[in-house]
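Using the hints provided, position chain B with the ligands relative to the given structure of chain A.
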Amino acid sequence: MSKAFNVSRQNGFTTIAITCFVLLYLPIILLVVYSFNSGTSVAIWEGFSWRWYQSAWQNDQVQEATVRSLIIALWASAISTTCAVLAALATTRTRKFKGQAAVFAMINQPLMVPEIVTAVALLIFFAMIKVATGYTGLAYLIVAHSAFCIPFAYLPIRARLQGMDLSLEQAAADLYATPFKVFRRITLPQLWPGILAGAMLAFVISLDDVVITEFVKSAGQDTLPTYMLGQLRRVVTPEVNAISTVLFGISVTFVIAFTVLGKIKN
Amino acid sequence: MVFAQVSGDVEKTITGGTLKVATAISVRNLRKVYPGQPPVVALADASIDIKDNEFFTLLGPSGCGKTTLLRMIAGFEHPTAGSLTMHGENLLELPPYKRPVNTVFQSYALFPHLTVAQNISFGLEMLGKPKAEIRQTVDEMMALVKMTEMADRQTGQISGGQQQRVALARALAPKPRVLLLDEPLSALDFKLRKDMQLELKRLQMETGITFVFVTHDQEEALTMSDRIAVMNAGEIRQIGNPRQIYDQPAERFVADFIGDTNFLPAELIETAGQTATIRLSSGKQIAARAAESGSQKGKVTLAVRPEHASIGPEAEGLLAGTLGEVVYFGTDTHYHVALEDGTGFVVRQQNRPDATAQFSSGDRVGVHFAPGIGQVLKD
Ligand SMILES: Nc1ncnc2c1ncn2[C@@H]1O[C@H](COP(=O)(O)OP(=O)(O)OP(=O)(O)O)[C@@H](O)[C@H]1O
Ligand SMILES: [Mg+2]
Chain A
-18 MSKAFNVSRQ NGFTTIAITC FVLLYLPIIL LVVYSFNSGT SVAIWEGFSW
32 RWYQSAWQND QVQEATVRSL IIALWASAIS TTCAVLAALA TTRTRKFKGQ
82 AAVFAMINQP LMVPEIVTAV ALLIFFAMIK VATGYTGLAY LIVAHSAFCI
132 PFAYLPIRAR LQGMDLSLEQ AAADLYATPF KVFRRITLPQ LWPGILAGAM
182 LAFVISLDDV VITEFVKSAG QDTLPTYMLG QLRRVVTPEV NAISTVLFGI
232 SVTFVIAFTV LGKIKN
Chain B
4 MVFAQVSGDV EKTITGGTLK VATAISVRNL RKVYPGQPPV VALADASIDI
54 KDNEFFTLLG PSGCGKTTLL RMIAGFEHPT AGSLTMHGEN LLELPPYKRP
104 VNTVFQSYAL FPHLTVAQNI SFGLEMLGKP KAEIRQTVDE MMALVKMTEM
154 ADRQTGQISG GQQQRVALAR ALAPKPRVLL LDEPLSALDF KLRKDMQLEL
204 KRLQMETGIT FVFVTHDQEE ALTMSDRIAV MNAGEIRQIG NPRQIYDQPA
254 ERFVADFIGD TNFLPAELIE TAGQTATIRL SSGKQIAARA AESGSQKGKV
304 TLAVRPEHAS IGPEAEGLLA GTLGEVVYFG TDTHYHVALE DGTGFVVRQQ
354 NRPDATAQFS SGDRVGVHFA PGIGQVLKD
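Taken in sequence, the protein lines are chains A and B. Just so you know, we're using this note's numbering here: the first sequence kicks off at -18 and counts up by one. Just so you know, we're using this note's numbering here: the second sequence kicks off at 4 and counts up by one.
In isolation and in its complexed conformation, chain A is listed as follows (with noise of 0.2 Å):
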């Protein structure tokens, strides 16, 4: 009798294993490294220093770029948060109807269409709008981060739903509670893990986004990310490194939030 398979006991698995970690985190720990440089270049050491963080701290640009990131993830995650759990409760809650696997393939269309796509038509849609209204602030990057948020803030709202109990729901109805008290009382204080996982979710994807922005931003609408694209182009000094740092950061505390969140039974 042979052993059961086991994948780590083939040949060359450690070998592979490592070497995907290596590729994986290897530019990580590097970028978070040569944050730390005290000269201006992010490839040659020169010693210890906070130099490029006080530098990111200091630039009224950073400044202003991170505000609006923050502004813009906020709103958008809150409002792609409020449509996906109206549209996970569409979905399994519901009576099956013809073309769920449509509506649910709609929901995640953002996920499917190529992102550069969602930005072209996302630009000439807003350029129409602007032409017909004159309104170029920020609400179109908040719209349009609310709309590719939408299927990260669905997709653990929607599992959790379904891992919930019906006849919890059915019990309170039983018991004379109206749809939207059963709602209120008996789902919603299930759900609420999943709803705060969807949205950390749906805040990291849209703080981090490039293409999209990219497109739809009016000038002087930069965010972090489309900021520090921007620098690139011209001089690269460490501040890239100690600005990509602390967004590292900030999305692991998020993801590892998220876990703790999806782990929260009852």
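It is worth saying that the hints were derived from the structure and are not from the lab. Every residue gets a Cβ at the ideal spot worked out from N, C-alpha and C, and that includes glycine. Don't take every hint at face value.
To be verified - Distance ranges between label pairs, derived from CB positions:
no. : chain 1 : residue 1 : chain 2 : residue 2 : range
1   : B       : Glu222    : A       : Gly144    : 52 to 62 Å
2   : B       : Lys381    : A       : Lys77     : 34 to 44 Å
3   : B       : Pro38     : A       : Phe(-6)   : 44 to 54 Å
Claimed, not checked - Straight-line Cα separation of at most 25 Å, DSS-like style, residue types lysine-lysine; simulated pairs:
no. : chain 1 : residue 1 : chain 2 : residue 2
4   : B       : Lys381    : B       : Lys302
5   : B       : Lys54     : B       : Lys204
6   : A       : Lys162    : B       : Lys101
7   : B       : Lys149    : A       : Lys162
8   : A       : Lys162    : A       : Lys77
9   : B       : Lys287    : B       : Lys300
10  : B       : Lys134    : A       : Lys162
11  : B       : Lys149    : B       : Lys132
12  : B       : Lys178    : B       : Lys54
13  : B       : Lys149    : B       : Lys194
14  : B       : Lys381    : A       : Lys77
15  : B       : Lys178    : A       : Lys162
16  : B       : Lys302    : B       : Lys287
17  : B       : Lys178    : B       : Lys134
18  : B       : Lys204    : B       : Lys178
Just chain B with the ligands, lined up with the frame of chain A:
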């Protein structure tokens, strides 16, 4: 209360007239087919009239459609066909939250994010009862199910039996007109189960709430119910009070499912009303009970309860055979007899201190039962 009615005859409420017992829930030709390949007929044209203040039990093996019927009364499942009324009002038009019935779910379905007390008060809050009244009712209910000390526990922190008691209290608290109970005692240990059976019965008599009780435990059904509907494979096979169900099973399935029964091949010679004359395989003739409808002559099956038969010398019996196993049970002894025609027959005789063991394994014996004891079954 004893109801003589065997079939599901409608008893209409005559306004202004003197009335016997009003019908609480009337189920007419209710049918439920779950779509699928092939479709599942969970309930096939069931008709029942459940009376006010009645302890009505749905009894049947697993998968026979008990829960399905209950869920249709509660409103979680919509029937494929048929009608369902409560005190004359069409239930099918009402959403679950407007139906004056409460359910004790087979899976308890307690709210995991609420405490025991909050679970029990939920229905009262939804009805908009005043705070003081809610608190008082919740206290009463917790005392009733002996959960007062655990009022502030989360429902995940109590045992299965305790959860069941909370589910019961939660459904009783709003004092519904009809309470639906889906195997509410199945998770309890023997002692607690017996206590809760008595408690439920007392509660039902005191509150006057109509209970529709689901179980697959025949003893529980016999001891607690006013009337029982025996179900099999989505069909209602017999409705009657426990005595009728036990003594006059309408058919082989019912006789077999409720209690132990011996089935004897026999021949029907003639019927007069509910009495039939039959010939046993030994050639001897005896009177037996038959269903009113007048069974057809020819081959029939005769059902005889083990405790209604006795064992004696071969010459004195209606049927002869060889004694096989003799199993001593303390209160009684079971004699397994292999009859001459090949069928097995069990005789259950009460033990008395003065009796001496007369027969032992291998002896030739006779089996006897009194005229009118056996029940002729339609096959
Ligand atoms: N949602 C459903 N979809 C398809 N079939 C179902 C569904 N619910 C129940 N059934 C089927 O309908 C039949 C009756 O089920 P039901 O739950 O009413 O049985 P039951 O008498 O309550 O059994 P138990 O004693 O095991 O609880 C079963 O064959 C079951 O498999
Ligand atoms: Mg059931």
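Okay, the hints, checked on the actual structure:
1. Between Glu222(B) and Gly144(A) the Cβ separation comes to about 38 Å, which falls outside the hinted range of 52 to 62 Å.
2. Evaluation of the 34 to 44 Å hint for Lys381(B) and Lys77(A) yields a pass: the beta carbon distance comes to about 42 Å.
3. Here the CB-CB span from Pro38(B) to Phe(-6)(A) is close to 47 Å, well matched to the stated 44 to 54 Å.
4. Distance hint between Lys381(B) and Lys302(B) is fulfilled; the C-alpha atoms sit about 10 Å from each other, no more than 25 Å.
5. Restraint check for Lys54(B) and Lys204(B): satisfied, since their Cα atoms lie roughly 16 Å apart, inside the 25 Å limit.
6. Our distance criterion of 25 Å between C-alpha atoms is met by Lys162(A) and Lys101(B), whose separation comes to about 13 Å.
7. At roughly 29 Å between alpha-carbon atoms, Lys149(B) and Lys162(A) are farther apart than 25 Å, so this suggested pair is violated.
8. A hinted pair counts as satisfied when its Cα atoms are at most 25 Å apart, and Lys162(A) with Lys77(A) qualifies at roughly 23 Å.
9. Taking the CA atoms of Lys287(B) and Lys300(B), the gap is near 17 Å; set against the 25 Å cutoff, the hint holds.
10. With a C-alpha separation of about 18 Å, the suggested pair Lys134(B) and Lys162(A) falls inside the 25 Å cut-off, and the hint holds.
11. Restraint check for Lys149(B) and Lys132(B): the C-alpha separation of about 23 Å stays at or below 25 Å, so the hint holds.
12. Distance check on the hinted pair: Lys178(B) and Lys54(B) sit about 17 Å apart at the alpha-carbon level, within 25 Å; holds.
13. With a C-alpha separation of about 14 Å, the suggested pairing of Lys149(B) with Lys194(B) holds against the 25 Å cut-off.
14. With a CA separation close to 44 Å, the supplied pair Lys381(B) and Lys77(A) exceeds the 25 Å bound.
15. For the suggested pair Lys178(B) and Lys162(A), the alpha carbons sit about 20 Å apart, so the restraint of at most 25 Å is met.
16. Between Lys302(B) and Lys287(B) the CA atoms are separated by roughly 15 Å; this keeps the pair inside 25 Å, and the hint holds.
17. Restraint check: the Cα-Cα separation between Lys178(B) and Lys134(B) comes to about 16 Å, which is no more than 25 Å; the hinted pair holds.
18. Between the alpha carbons of Lys204(B) and Lys178(B) the distance comes to roughly 15 Å, so the proposed pair stays at or under 25 Å and holds.
When each numbered hint is compared with the structure, violations occur for hints 1, 7 and 14.
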